[in-house]
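Each chain, written out:
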Amino acid sequence: MAKKNKKTGNNNYVNSPPTGLQVIFREFMKDKLAMFSLILLVVVILGIFVWAWLGIDQQQLLRVSLRDKFAEPGEKFLLGADQGGKDIVGQIIVGARNSMLIAIAITLITGVFGVAVGLICGYFGGWIDNLFMRIIDFFITIPQLMLIIVFITVVPKYTVGAFILIMSLFLWTGTARLVRSKALSESRRDYVQASKTLGTNDFVIITREILPNLSSIIIVEMTLNFAGNVGIETGLSYLGFGLPQSTPSLGTLVASANNPLVLQQYWWSWLPAALFILLMMLGINYVGQALRRAADSRQRLG
Amino acid sequence: MWKTIVRRFLIMIPQLFVLSVIIFVLAKFMPGDPFTGLISPQTDPARIAELTEKAGLNDPWHIQYMRWIGNAFQGDLGLSYTYKRDVADLIGERALNTFWLSLLSVFILYLIAIPLGILAGRYQNSRLDKTIVLYSFVTYAIPTFVLGLIFLFLFGYKLEWFPTSGSVDIKYEAGTLRYYWDKFYHILLPSFTYAVLGTTGIIQYLRSEIIDAKTMDYVRTARSKGIPMRKVYSKHIFRNSLLPIAAFLGFTITGLLGGSIFVETIFGYPGMGQLFVSSISSRDYSVITALVMLFGFLALLGSLLSDIIMSIVDPRIRIE
Amino acid sequence: MKKTKWSLVALLLSVLLVLAACSGGDEEPTTEEPEETSTEDTTDGEPAGEDSGSLFEVAVTNEGEAIEGGTLQVAMVKDEPFQGIFNWELYEDGYDADLMEWMTNSLFEVDENFMITDEGIATLEVDQENNKATVKIREDVKWSDGEPLTIEDVILPYHIIGHKDYTGVRYDTAFQNIIGAEEYHAGTAETISGLKQIDDYTLEISFKQLSPSIFYGGDGLWTYAAPAHQIADIPVGELVESDAVRKNPVSLGAFKIDKIVPGESVSFVKNENYWKGVPKLDGVVVKVVPSSSISVAIESGDYDIVQSFNATKMPEIENLENISILGRPELYYSYLGFKLGKFDTVENKVVTDMEGSKMGNQQLRQAMGYALDIEQVSEVFYNNLRERANSLIPPVFEAFYDEELAGYTYDPEKAMALLDEAGYEDVDGDGFREDPNGEPLEIKLASMSSDATQEEIIAFYLQNWADVGLNVTLTTGRLIEFNAFYDMVEADDPEIDIYMGAWGTGTNPSPSGLYGEADPFNYSRYTSEELETTVRAIDSPEAFDTEYRADQFKAFQQHIEEVANIIPMQFRYEIMPVNKRVKNFSFDYADEYTSHLHELELVAEEPVAN
Amino acid sequence: MKGNELLKINNLHTGFRIKDTFYDAVDGVSLSVKKNEILAIVGESGCGKSTLATSIIGLYDHNKTRVQGEIVFDNKNLAALSEEEMNDIRGFQISMIFQDPLSALNPLMRIGEQIEEGLIYHTKLDKSKRDSRVLELLQQVGIRNPERVARQFPHQLSGGMRQRVIIAIAIACKPQIIIADEPTTALDVTIQAQILDLLIELQAETEAGIILITHDLGVVAEVADRVAVMYAGQIIEEAAVEELFANPKHPYTRSLFNSIPQMNSQSDRLNVIEGIVPSLMNLPRSGCRFSSRIPWIPGEAHEENPALHEISPGHFVRCTCWKEFHFKTDKGGGTHELYANK
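Protein chains in written order, with the UniProt record's numbering: chain F, 1 to 302; chain D, 1 to 320; chain B, 1 to 610; chain W, 1 to 342.
Think of the hints as simulated: they come from the structure by calculation, not from any bench. Quick reminder that beta carbons are idealized off the backbone N, C-alpha and C, glycines included. One should not assume that every hint holds.
[Unchecked claim] Pulled a few chain B residues facing chain F out of the computed Cβ check, cut under 10 Å:
1. Val377
2. Phe381
3. Ala459
4. Glu481
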C-alpha cells in the first residue's frame, strides 16, 4: 500500500471529486473566459436554431433578387445582400444552422464510431487491435483532402447527407486512436482487472466502467473536431467542392470572398460570416481548453 | 537503424497498394472522360472510340489497373491527357515548385512557431502567453484562403511588395543569381501565409510540452544544482520540449503538401496542389492517380522521416 | 487565322476549350462600325441589343508619340498553367492558340465575313467542278530562323494529322474528305494521294466533295504551315513532347519565342524575318494571371492587354481611367435544350419521340422560354455584355443571321397562358402545375457549374419557372461539372429533361454536325424531314451560291424557333481591356490586331496605372 | 545557533494554495541538523516530509506555495532569500537526492554533462579539471568504469547506477547538507543496501549533515542518528534512533513499528491503525490530529493544543494521549487486522 501511494505523493492532500462533471464545472468556474465562451456558445447556438426555425422562411430567403445584387447594409438588409440579392443576416442564421448541423452530424458519427472502435481495440487488444491500427495508420497517411475531393466528384448525387458521409469516412480515425490509447491504459488499471476477475461481462466493463472514465476526454475531442469540421467545409467551398447553393452554409458565404474585389468592396457578403466562424471557433476552443484541463492536467496536443 | 528503415519500407508497400487500388477505382468512377472536352461536331465518333481504345479506357478496370501498376514499376506513370506529356515529367516540374514552397514554409513556420511556443510555455498564464494563445486560435480559425486573399490583396496589390502570381519572372535568365532570387521572392508571400496558418499546432504543442517539462523530475534535479533558471530553461526544458517538435517535421511536411492545394490555388503558383485541382476538372486520370500516389508516398515518407529524426535526436530510441 | 469550328463551350473561361474566335481582316484598317447585333424584340425599355452593340470601342485611338521599341505586357486570364503545345496541328487548348497568335504560322487571311482572302502568305483557288483546291504561297517568306518557306512546309501538316500515330482530334470527318487521307491513316499508303505538289510554291488538293466551307478553311483544307526543316524528321508520335514543339518552335509570325517559363509565361521577341516587315515593338511578354486577381492587376497597370477577360468581372474595371475597354460580339450562343428522344447508337441516328417525351409538348417548351427573365440576368450580371439570343446564328454572321426572328423574350403572362392552354394546370393546389393527365410534373434541369455567379443565375431561372408554376429541379441536386455534364447529356441520361448548353460557332456557323439526323451532338434528339433537308442544303454544292445558302440558314433558324426543341438564350460580347499606352490596336473582326502585330506601338515606357 | 548545528528550522509553515486559501502541509515544524549527523524524518505518505524537504531547498512553485518561518543556514534565513540567492546555495552548500532515479535525470544529456553542470556554476574549475572531477565523483559513488559512463545516457544505466549518479550530482560541490528524499524507495532491496552504505561512506568523508526522508523504518534503524516522526504536517515524536526504537511513545510511532512484519513473529497478523492521513483541506487544525484514528482513546486523554513534551533528554512527544494508548488487538479485539503479505 505504501508503495502505491508514494507514486501519487502530494496529490493525496487534494481529494479529487470522483465525477468528471464536477471537475469540469470547477474548471469553468475558475476560467472566466471559458465560462463566458460557454454561455455565449449556448446562447448563440440556441438562438440560431430557434431563429432559423421560427423566424426564417428558407424558400423566401433563398429567393434570388437580382436587382438587390450586393445591396449595401441598410434598412432593407441589415447586413446587406450577396451576389444573388439574398439577405446576409438570414443566410448567416440558416447557414450557421446548416453548418452546425453538419458539423454535429459528422462529429457524432465519427465520435460514436471512433469511440466504439477505440474502446474495443484498447480493451481487447490482440488481432482486432492490430487490424484496426493498421487501418487507422492507413487513413492517417493517405492524402485525405485529395481523396475527399475525388469522392465528392464521384458521388452521383451531392447532398448534405453525402457530404456528411464522405467526411465521416475520413475523420473517425483521430478519435479512434485517442480513445484506444486511453482505453488501453485504463483497461490495465486495477479496477478493471478486479472487475475482470470477478467475472464481469466485457461489455459491461467497457460501457459502465471504462467509458465513464474516458468521458471527459471524449467530450474534448468532440468539441475540437466540431471546430475543425466547420473549417474543412469552408475550405472545400472555396475550392469549388462545397455544398450546393440550395444549402446555405457558412463555408459558401465565406468562399464568396474568393475575389479580391469582393473581398474589399463587398465585405459584408463574407466578413460577417468569417467573423462568426472566428468567434465560434474561439469560443469552442476556449471551452475545449477548459475541458481539456479538466480531463487531463498534462495537456495534449491541440 | 537500417533494419528499422527497411522494415518500415516493407510496411509501406501494402499501404500504397491499397491506396493505389482505391484511387484507381475512384478515378474510373468519375463521370466524364478526358476526351469529352475535345470533341467537335466534325469529330467522327469512330475517332473518339479509336482514341479511347488506344488509351486503353475500354478494358475492365482490373486489366487497366494491372497495366498501370506494371508500367508504374518501370517508372512510367502514363501520359497526361490534357498536357500530352509524360506524367512523371509533368509532375516532376511541378513537384520542384511545391518542394521549394514547402521548404520555405516549413522554415518560416518554425521560425515563427518555435519562439512563440517557447515564450508561451515559459511565461505560462502571463499576458504574453494569453496573447500568443489567442493568436494561435485566431490563425486556426481563419480559413486558409481568407488569410491568403487578404495577404495577396494587401501585400501583393496594395503595397506591391510581392509578386502576385507565378513562380518566376520571365525576364531573368535561368541559372543566374537574379533568377533564383526571383524564384525565392515569388514563394515568399505564399510561404509566409502558409506558415502563419500552420503555426497553431506547433505553438500549442510546444507550449504544453514546456508546461509539462517544467514539472518533470529532471528539471527539479537541474534546479537543485543551483543553476540559473534561464539555463534550466535553455539546457533542459527547451531542449527536451523541442524534441517532439523535431519529430513533427515529417508530419508537418505531409500537412503542408495537403494545404498546398489551397495556397497554390490562391497565389496562382504552378505546383502539384494546383495541378491536382485542374486535373480533377479535366479528368486527367493518369495525373490524378499519380498525384494521389505520390502524396501518399510522401506522407509515408514523412512519418518515416519523423521516426528517423526522432531516433537521431533522442538517445533513448537511438538504435546503435 | 484560327481555324476553329463549332465547339462545346463551358460557361467558365477557365475550362473553356477550343476558343471560338477568329482573326482576320484587310491590311488597311477599316472604319466600319461593328457588326449590327440584333434587333430582337426585347422587353420595353431594354433595347439591349443595339445599345450594347455600340457600348464598346473596337479599336483604341491613341494619338500619342510612340516610343522606340518597348515590350507589350499581356495578361492571359486563366486559373491553371497553360499547356504549352506550340504547334497548330497538335495543340488542344484555346489558350495555347492564343499564345501562338503572336508567332502564327497561318497561311491565309480572312475578310469581315471570315472568308479567305488573297492577302495572306498563301492564296486559295477552288475548282468546284473537279473538287480541287490550289494553294499557292508567296516566294519571299522566311521562317523565324531565316530558312525560306517552301511548299514542303504546307504539305507536312497533312501528313502529321493523317498519321496513324497522331493522337489529336483534327483527324476528323472533314479531314477524311481529302482523297487518300483514310488510306494514309490506315497505313496502306505512304503519302496522302490527294496532295499534289505542282511546283516549289504550289499545292493542289483533291477532295471527295467540296462545299462552301472550303472558303472558311473547312472541308479538310489545312490553313497553317509547319516548319518541315525543324520537325519533319521527328516521328509523329514523339512530336508532342519534342523541344521543337515545347521549347523552341520556329514560326512565321511577327514575333518569335524567346523564353518560356512552363505553364506561366512566354516571352516573345520581334521576328526580324517577318514577311510583312520588322515589328515596331521589341517584344511581347504573356503571363497567366488568375481570374481572382486580374481586376486588381489591371488597376495597378501591370498589363497592356488582357485576354480571356470574363464578362462577369466587367463591373470591377468599368470605371478605371487607365484602360480602354474594347468589345466585340463573340461567335457564341448559349441555349436551353429539351430532350425529345434518344440516340440510337446501333443505327447511329437520332430517334425523336415527341409523344413519349416529358418535354414533348411544344407549348410547354415555348412557355419555358417565355418564362425566363434572361434580360434581367444579362443586365445585372453581365452589364449587357450578354444579351437575349433570338437565333442559333450569332448576329456577327450578317449574311446568315435572321434578324426578323422574334425569339422567346421574357413574358410570364404569355407563358402562363400557353401552359393553361396546353392543359398544364395546378390541380392539387400545391403551387405547381400538373401535367394534362393530372400527374405531378417535375422537370429536371442539367446545367454546368462554373463560378458563384452561375449558381445565382440558375437559382434565378428555377425561380422564374416556379413563378409560372413549373417545378424545375436540378439533376443530381447541384450544378454539374463540365465533363460530366456533356457526358450525361450525350448519353441521354434519364435524369435530364432539359439542359443548358452553349456552342462556340467558329467562323463557319453551319449547323451540320449539330442538328443533323446522324449527329451524336444533336443533343435534343430532335430531327424532322424539314430540318434534315435544310441542314444538308446549307452545305450542299448549290450553297456556293451565297444567297441560296443564306435562305437555307434562315429556314433553319425559323424551323428551330417554331419547334422550340432548342431555345436560344444568350449571345455574348467578349471584351478586352487595353491599357492607355497601346497604339494601333484593334479588336474588330474585320481588322484584328493579330493581322498586323508588327504595327503595334506603345506611347509610354510603362503601362499606365489607375 | 549553538554548537555544531548546521541548519535550524524554526516554526516552519508551508502552505499550498487551493482556490484562494493556503493550506499548510508543513504546520509548525522546528528541527535542527548537526554536522556529520543523519537526521531521519519518517512518516506515512502525505504527512509533509517531502514538502519539508523542498521548503528547505526552495524548490517549490512560488505561485502556489507559501513558506513562513525560519530556515537558518549559515546565518541566513533561506525562507526569505531570493531565487538568485538561493541558487548560490543550492547544489553548492545544500544539495538534494531525489527518490526516483528513473525520472530524475535528463534523458537527453550525457551523464558527465549532468554532473558537470553544478561545477560550472559553483566552482572556478576549467573544463579539463571539471572533467577529471566528474570522473573522480563517479568513482567515488562506486561506478567502475567512469570514462564510459560519463559518455552514456541515463537510459543506458540501471536504476542503482542512476541513483549513484544522482548522488554524485548531489555531492559534486561538497555540500554541507544533503537532503535525501526517499533515496532508496525505488530500488531493489540489495541495491538499497549498497546505496545506504554509500551514503554513510560519503558522510564519513565529507562530514555533511544529512536529512534522510523515508517511510522505511528499516532504513532508519540502519543509518540514522536521530529520528523525527511526522504526522499530518507536524512532528509528533523526536528522539535519538536507539531511544525511539527502544521506547516509542506516540500511538502513531508505535503503530508504525507494529506494522513492520517481524520474521520471528508468531502471528501472521499485522497491527495496523485504521484510516488514512486526512487530506489537506479536511485536516483538523486544532486538537490532537491523530485522535480520529484512535477513537477508543477517550477525548480527555488528548491535549487541547498538543505540544511537544520532552519526556527524557532529547526525546520529544506531542500530545498526552500516548499515556492512554493501547492497541485494540492487545485486548484481543482483532477487528483491525490484515494478513501480512508474505
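With chain F as the partner, please determine if Ala459(B) meets the hint condition of a C-beta pair closer than 10 Å. Cβ of Ala459(B) sits 5 Å from chain F, so the hint holds.
Double-check Phe381(B) for me: the hint is only fine if its C-beta lies closer than 10 Å to a C-beta in chain F. holds, 7 Å
Interface hint outcome for Val377(B) [beta carbon to chain F under 10 Å]: holds, 7 Å
Is the hint on Glu481(B) kept, meaning its closest Cβ partner in chain F is under 10 Å away? holds, 7 Å
No hint from the list above goes unmet by this structure.
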